[in-house]
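Mapped onto the UniProt record's numbering, the consecutive letters of the sequence shown carry residue numbers 1 to 646.
Hints should not be assumed to be uniformly reliable.
[Unchecked claim] Lysine-lysine pairs mimicking BS3-like chemistry, simulated, CA-CA at most 30 Å apart:
| # | residue 1 | residue 2 |
| --- | --- | --- |
| 1 | Lys99 | Lys324 |
| 2 | Lys434 | Lys529 |
| 3 | Lys239 | Lys276 |
| 4 | Lys529 | Lys484 |
| 5 | Lys538 | Lys324 |
| 6 | Lys202 | Lys281 |
| 7 | Lys386 | Lys294 |
| 8 | Lys529 | Lys324 |
| 9 | Lys281 | Lys646 |
| 10 | Lys324 | Lys434 |
| 11 | Lys434 | Lys526 |
[To be verified] DEER-style ranges, computed between Cβ atoms:
| # | residue 1 | residue 2 | range |
| --- | --- | --- | --- |
| 12 | Glu83 | Thr201 | 34 to 40 Å |
| 13 | Asp88 | Asp182 | 32 to 38 Å |
| 14 | Lys218 | His606 | 42 to 48 Å |
| 15 | Asp619 | Lys199 | 53 to 59 Å |
| 16 | Glu173 | Thr201 | 36 to 42 Å |
| 17 | Phe259 | Lys355 | 36 to 42 Å |
| 18 | Thr431 | Gly402 | 24 to 30 Å |
| 19 | Lys338 | His136 | 25 to 31 Å |
| 20 | Lys218 | Asp380 | 49 to 55 Å |
| 21 | Asp619 | Asp382 | 45 to 51 Å |
| 22 | Asn141 | Phe259 | 28 to 34 Å |
| 23 | Thr138 | Asp382 | 56 to 62 Å |
The hints are simulated quantities; they were obtained by calculation from the structure and are not laboratory data.
All C-beta atoms, glycine included, are put in the ideal place defined by N, C-alpha and C.
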Amino acid sequence: MIMKVSDFMKIINPKIKNNCFDNEEWLLTNGIGGYAYSPVATHHTKAYNGLLIASLTPPTMRYNVLNQLDERVVIDGNSYSLESYQYDDHIEDHTAYIKEVIVDDFVTYRYEIGNVHIDKTITLVHGENTVAINYHITSHNHQVNLFFTPYFSLRDHAARNNKATIPCFSVHERHLNLLPLDHKDVLIRTYMNTGVFNKETKIKDNLYYEFDCVTGYKELDALYSPGYYNVMMSDQETKDISFVCTLDQASRTAREYLFDEVKRKAMLVNTKDPIKARLEKIADQFIVNRSSTKNKTIIAGYPWFSDWGRDTLIALEGLTLVTKRFDDAKSIIHTFAKTIHHGLVVNLFEDGTNKPRYNTADASLWLIHACYMYEQYSHDTDFITKEIYPHLKEIISAYIRGTDHAIYMDDDFLIHAGDNEDQITWMDVYTHGKAITPRHGKPVELNALWYNALMIMAYFSHKTDHDESYGLIAQRTKKSFADKFWCEQTQCLYDVIEPNDASIRPNQLYALSLPFPVLSFDLGKKMLKVVDEKLYAKTGIRSLSYDDPRYIAHYEGNLDKRDLAYHMGTSWAYLMGPYIRCHVLLDEDKSQARALLQPLLETLDHNCINGINEIFDGDAPHTPRGTVNQAWSVGELLVAYEISRK
Numbered sequence: 001m002i003m004k005v006s007d008f009m010k011i012i013n014p015k016i017k018n019n020c021f022d023n024e025e026w027l028l029t030n031g032i033g034g035y036a037y038s039p040v041a042t043h044h045t046k047a048y049n050g051l052l053i054a055s056l057t058p059p060t061m062r063y064n065v066l067n068q069l070d071e072r073v074v075i076d077g078n079s080y081s082l083e084s085y086q087y088d089d090h091i092e093d094h095t096a097y098i099k100e101v102i103v104d105d106f107v108t109y110r111y112e113i114g115n116v117h118i119d120k121t122i123t124l125v126h127g128e129n130t131v132a133i134n135y136h137i138t139s140h141n142h143q144v145n146l147f148f149t150p151y152f153s154l155r156d157h158a159a160r161n162n163k164a165t166i167p168c169f170s171v172h173e174r175h176l177n178l179l180p181l182d183h184k185d186v187l188i189r190t191y192m193n194t195g196v197f198n199k200e201t202k203i204k205d206n207l208y209y210e211f212d213c214v215t216g217y218k219e220l221d222a223l224y225s226p227g228y229y230n231v232m233m234s235d236q237e238t239k240d241i242s243f244v245c246t247l248d249q250a251s252r253t254a255r256e257y258l259f260d261e262v263k264r265k266a267m268l269v270n271t272k273d274p275i276k277a278r279l280e281k282i283a284d285q286f287i288v289n290r291s292s293t294k295n296k297t298i299i300a301g302y303p304w305f306s307d308w309g310r311d312t313l314i315a316l317e318g319l320t321l322v323t324k325r326f327d328d329a330k331s332i333i334h335t336f337a338k339t340i341h342h343g344l345v346v347n348l349f350e351d352g353t354n355k356p357r358y359n360t361a362d363a364s365l366w367l368i369h370a371c372y373m374y375e376q377y378s379h380d381t382d383f384i385t386k387e388i389y390p391h392l393k394e395i396i397s398a399y400i401r402g403t404d405h406a407i408y409m410d411d412d413f414l415i416h417a418g419d420n421e422d423q424i425t426w427m428d429v430y431t432h433g434k435a436i437t438p439r440h441g442k443p444v445e446l447n448a449l450w451y452n453a454l455m456i457m458a459y460f461s462h463k464t465d466h467d468e469s470y471g472l473i474a475q476r477t478k479k480s481f482a483d484k485f486w487c488e489q490t491q492c493l494y495d496v497i498e499p500n501d502a503s504i505r506p507n508q509l510y511a512l513s514l515p516f517p518v519l520s521f522d523l524g525k526k527m528l529k530v531v532d533e534k535l536y537a538k539t540g541i542r543s544l545s546y547d548d549p550r551y552i553a554h555y556e557g558n559l560d561k562r563d564l565a566y567h568m569g570t571s572w573a574y575l576m577g578p579y580i581r582c583h584v585l586l587d588e589d590k591s592q593a594r595a596l597l598q599p600l601l602e603t604l605d606h607n608c609i610n611g612i613n614e615i616f617d618g619d620a621p622h623t624p625r626g627t628v629n630q631a632w633s634v635g636e637l638l639v640a641y642e643i644s645r646k
């Protein structure tokens with residue numbers, strides 16, 4: 001077995017480390033862009049943390065609704081708080097009562113206070129903005145009085161409140177209704193199946209988020225509560241207490257919601273391999289509904305990304321095809337094929353307005369690749385040839401004629417892209433009016449994708465309109481690629497030509513890893529040797545060679561510093577996909593590929609449990625950075641794991 005895998009991740013007697021960034025985290029999602037996210041066993045460290053971050057316009061407009069459900073237990077007159085908080089001048093640490101934490105399809109905290117045992121299980125309801133928390137409480141020889149205080153953020157998930165946001169609210173028996181004044185179309189409901197609700201305004205202010213502070217966001221936060229639920233238990237009693245907070249209708253108990261989610265997750269698994277089964281469940285977190293297109297899409301990463309065209313189409317193979325979610329794949333392809341403009345696929349939909357942006361040169365070519373992979377996995381040729389093929393022809397025609405952002409096929413049949421301060425490849429950081437890695441000219445991965453797209457179009461044209469031009473252009477493209485992209489000095493490929501840039505970067509992997517390689521195997525072996533030596537970084541592939549004078553070893557500091565490092569040495573987990581494809585293609589024995597994957601697989605038990613980070617530091621110990629669970633990291637890991645074990 002490559003790594004430790006269990007049906008659930010269990011943490012026994014967690015010890016709080018001095019540096020809270022070393023603590024594991026957990027993440028639950030709801031299929032419409034919302035999530036719950038928290039450190040496993042300590043106070044919140046980020047504004048993104050909370051029990052219900054709802055998506056008001058799926059999958060965007062994320063709104064931190066329920067931040068905490070604060071529990072206090074009174075046993076024989078002695079009071080014990082279970083939740084922890086960090087303020088600007090002190091920490092309330094109540095983690096000593098946590099006996100065990102289980103992270104699986106849901107999250108369970110097990111508390112022990114003398115002879116009182118409490119299991120607190122948190123789940124999100126799929127397709128709804130609903131969090132359900134079930135408490136299973138056993139008391140031996142003690143009278144127990146429980147107090148549950150819901151604390152609300154009522155703010156954008158990335159923001160902070162300098163003072164608590166006060167909503168309108170009403171109470172009817174155990175039903176609490178809140179109406180935020182900044183979103184009067186949103187009604188928040190909470191319900192507990194037992195006990196009584198007591199009105200008492202409570203505010204927690206001056207909350208300090210340590211992770212945010214280190215990354216440059218120093219504002220304090222404040223939470224609001226209109227009161228608390230009180231539940232009494234006699235000695236020798238066992239009780240299930242259900243708490244539900246929702247923007248929809250609370251029609252069931254937390255226990256019923258929990259059982260539904262367990263059954264739903266079990267239906268996602270298509271394998272007996274425990275690692276792949278685990279990855280299939282993780283993949284589900286990213287596949288969400290998009291209300292503006294009424295189709296499926298893929299969240300690029302949690303907690304802050306929405307759906308990006310490039311990320312979606314790269315992740316699609318692993319998340320939907322390896323997992324046999326073909327209907328979801330079709331829906332996602334529809335989302336991006338039907339919004340093509342001037343031959344360009346949407347790069348992203350703006351949060352709030354849903355206005356599409358088309359600032360990408362490669363997403364259109366990734367769509368063609370995704371269509372081919374869909375047909376190869378599903379054998380559903382009709383969907384592509386009858387519904388999508390005209391959109392693909394539109395893309396090729398636009399790239400040949402020329403379209404926005406100086407994207408055009410040059411006289412050598414290679415694709416040129418970019419001018420001014422465009423950032424239209426995946427290395428797209430733009431800050432203070434300046435492109436950090438402009439890569440204007442003829443980028444290597446764009447031209448590998450172009451050749452791949454032409455070969456795919458030739459394949460589909462044989463099944464449709466028999467247009468011979470795609471194959472002819474592909475031949476000329478391959479010849480020009482061979483003539484111009486090999487760099488003798490570095491013994492690998494130029495990153496960009498015209499002007500030539502010999503920076504050793506991972507983009508060259510796509511010349512070999514796509515279904516139709518544009519690079520010969522002989523040169524491919526030389527290239528891969530360079531990548532092995534200079535770019536492989538255990539949990540990912542560096543974005544720039546470690547011996548380049550511009551190399552930045554650590555992705556840290558404020559946003560400006562992190563932006564400078566993003567594509568200048570930072571290691572990317574998703575690039576393990578093309579890297580492993582190259583090794584499987586060229587190596588006689590797949591065991592090397594499996595060994596290369598192991599360090600990344602092992603991160604499933606660390607950082608965000610059941611998640612793969614977006615990026616890692618280029619230098620050891622390769623500290624995880626960026627989003628805590630990234631779609632193309634998981635998608636490409638699924639593909640790489642699948643091909644390395646066959």
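Here is what the structure says about each hint:
With a CA separation close to 38 Å, the supplied pair Lys99 and Lys324 exceeds the 30 Å bound. Taken as a hint, the Lys434 and Lys529 pair is broken in the structure, with Cα atoms around 34 Å apart against an allowance of 30 Å. Taking the CA atoms of Lys239 and Lys276, the gap is about 37 Å. The hint is violated against a cut of 30 Å. Of the pairs offered as hints, the one joining Lys529 and Lys484 holds, with about 20 Å between alpha carbons and a cut-off of 30 Å not exceeded.
Only pairs whose Cα atoms come within 30 Å are accepted, and Lys538 paired with Lys324 is accepted, the gap being roughly 29 Å. Distance restraint check for Lys202 and Lys281: the Cα-Cα separation of roughly 38 Å exceeds the 30 Å cut-off, and the hinted pair is therefore not satisfied. With a C-alpha separation of about 21 Å, the suggested pair Lys386 and Lys294 falls inside the 30 Å cut-off, and the hint holds. Restraint check for Lys529 and Lys324: the C-alpha separation of about 34 Å exceeds 30 Å, so the hint is violated.
Of the pairs offered as hints, the one joining Lys281 and Lys646 holds, with about 20 Å between alpha carbons and a cut-off of 30 Å not exceeded. Restraint check: the Cα-Cα separation between Lys324 and Lys434 comes to about 42 Å, which exceeds 30 Å; the hinted pair is violated. Restraint check for Lys434 and Lys526: the C-alpha separation of about 35 Å exceeds 30 Å, so the hint is violated. Here the CB-CB span from Glu83 to Thr201 is close to 18 Å, at odds with the stated 34 to 40 Å.
Between Asp88 and Asp182 the beta carbon distance is about 25 Å. The supplied range of 32 to 38 Å is therefore violated. For Lys218 and His606, the hinted distance range of 42 to 48 Å is not satisfied, since their beta carbons lie about 28 Å from each other. For the pair Asp619 and Lys199, the beta carbons lie near 54 Å from each other, so the given range of 53 to 59 Å is met. Here the CB-CB span from Glu173 to Thr201 is close to 20 Å, at odds with the stated 36 to 42 Å.
Checking the proposed 36 to 42 Å range against Phe259 and Lys355 shows it holds: the Cβ atoms sit about 40 Å from each other. Taking 24 to 30 Å as the suggested C-beta distance range, the pair Thr431 and Gly402 conforms, at roughly 28 Å. Checking the proposed 25 to 31 Å range against Lys338 and His136 shows it is violated: the Cβ atoms sit about 47 Å from each other. For Lys218 and Asp380, the hinted distance range of 49 to 55 Å is satisfied, since their beta carbons lie about 52 Å from each other.
The hint said 45 to 51 Å for the Cβ distance between Asp619 and Asp382, and at roughly 50 Å that hint holds. A hinted range of 28 to 34 Å holds for the C-beta pair Asn141 and Phe259, which are about 31 Å apart. Checking the proposed 56 to 62 Å range against Thr138 and Asp382 shows it holds: the Cβ atoms sit about 58 Å from each other.
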